[in-house]
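> According to this note's numbering, the residues represented by the sequence shown are 1 to 178, in order.
Hints listed in this document are in silico derivations from the structure and should not be mistaken for laboratory results. In this text, all values refer to a predicted model and were calculated from it rather than measured experimentally. Take these hints with a grain of salt, some might be off.
What the hints assert, rightly or not - Ranges between beta-carbon positions, derived for each pair:
1. Ala57 with Gly116: 22 to 28 Å
2. Asp16 with Gly157: 26 to 32 Å
3. Asp137 with Glu70: 20 to 26 Å
4. Pro125 with Thr41: 34 to 40 Å
5. Gly116 with Ala24: 36 to 42 Å
6. Ala88 with Val152: 29 to 35 Å
Glycine residues also receive a C-beta, built at the ideal position from the N, C-alpha and C atoms.
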Amino acid sequence: MTILTTERLRLEPFEDRHFDGLQAMNRLPEVMRFISGQPETPEQTRAGIALVRERWASYGFSWWAFIERETGKLVGAGCIQYLGRDPANPHEIGWRLVPERWGQGLASEAARAMAGWAFETLGAPQLCAVCLPENADSAKLMRRLGMRYRGVEEWYGRPHAVYAVTREQWFENEGKRG
Numbered sequence: 001m002t003i004l005t006t007e008r009l010r011l012e013p014f015e016d017r018h019f020d021g022l023q024a025m026n027r028l029p030e031v032m033r034f035i036s037g038q039p040e041t042p043e044q045t046r047a048g049i050a051l052v053r054e055r056w057a058s059y060g061f062s063w064w065a066f067i068e069r070e071t072g073k074l075v076g077a078g079c080i081q082y083l084g085r086d087p088a089n090p091h092e093i094g095w096r097l098v099p100e101r102w103g104q105g106l107a108s109e110a111a112r113a114m115a116g117w118a119f120e121t122l123g124a125p126q127l128c129a130v131c132l133p134e135n136a137d138s139a140k141l142m143r144r145l146g147m148r149y150r151g152v153e154e155w156y157g158r159p160h161a162v163y164a165v166t167r168e169q170w171f172e173n174e175g176k177r178g
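Could you put the whole structure together from the sequences, leaning on the hints where they help?
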């Protein structure tokens with residue numbers, strides 16, 4: 001399992017020790033508003049950690065806990081997974097943060113690390129990201145990552161705005177940033 005490090009974050013594959021921080025974040029209606037629409041129960045958080053550990057073992061990628069390096073606090077989570085949880089689909093990138101860290105650039109920092117890892121290590125030819133059409137903040141981050149709007153498609157039982165970036169587009173954009 002891969003640990004990623006950014007300037008302010010340490011991205012650690014989900015483990016049981018992340019339960020308290022994940023449950024504290026995922027039980028908040030404002031965090032889950034655009035994800036499942038419902039706060040997560042402790043049982044759902046435990047089951048999620050177990051599923052993520054299985055995916056790391058099977059695929060070599062899944063969800064990371066975002067640990068703030070300065071404080072050691074869990075401040076978010078993000079993933080590289082198969083879109084629709086189906087290996088026949090392209091890779092998907094996703095993220096969420098605790099509300100007190102919104103607007104500080106942490107999601108962007110983590111997403112760049114995860115995307116770079118997916119393209120460099122996994123050799124992913126493309127990354128997709130989905131959000132509910134009304135989730136303007138996530139869509140804005142997707143565009144900042146160089147992702148291009150693909151349209152509205154049905155994913156996870158609901159219509160989602162879909163954005164995508166190819167490996168070539170990613171390295172071209174990141175080269176301009178460097």
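> Hint by hint, note whether the structure agrees.
Status of the hints after comparison with the structure:
| no. | hint | result |
| --- | --- | --- |
| 1 | Ala57 with Gly116: 22 to 28 Å | 23 Å, holds |
| 2 | Asp16 with Gly157: 26 to 32 Å | 29 Å, holds |
| 3 | Asp137 with Glu70: 20 to 26 Å | 24 Å, holds |
| 4 | Pro125 with Thr41: 34 to 40 Å | 37 Å, holds |
| 5 | Gly116 with Ala24: 36 to 42 Å | 28 Å, violated |
| 6 | Ala88 with Val152: 29 to 35 Å | 21 Å, violated |
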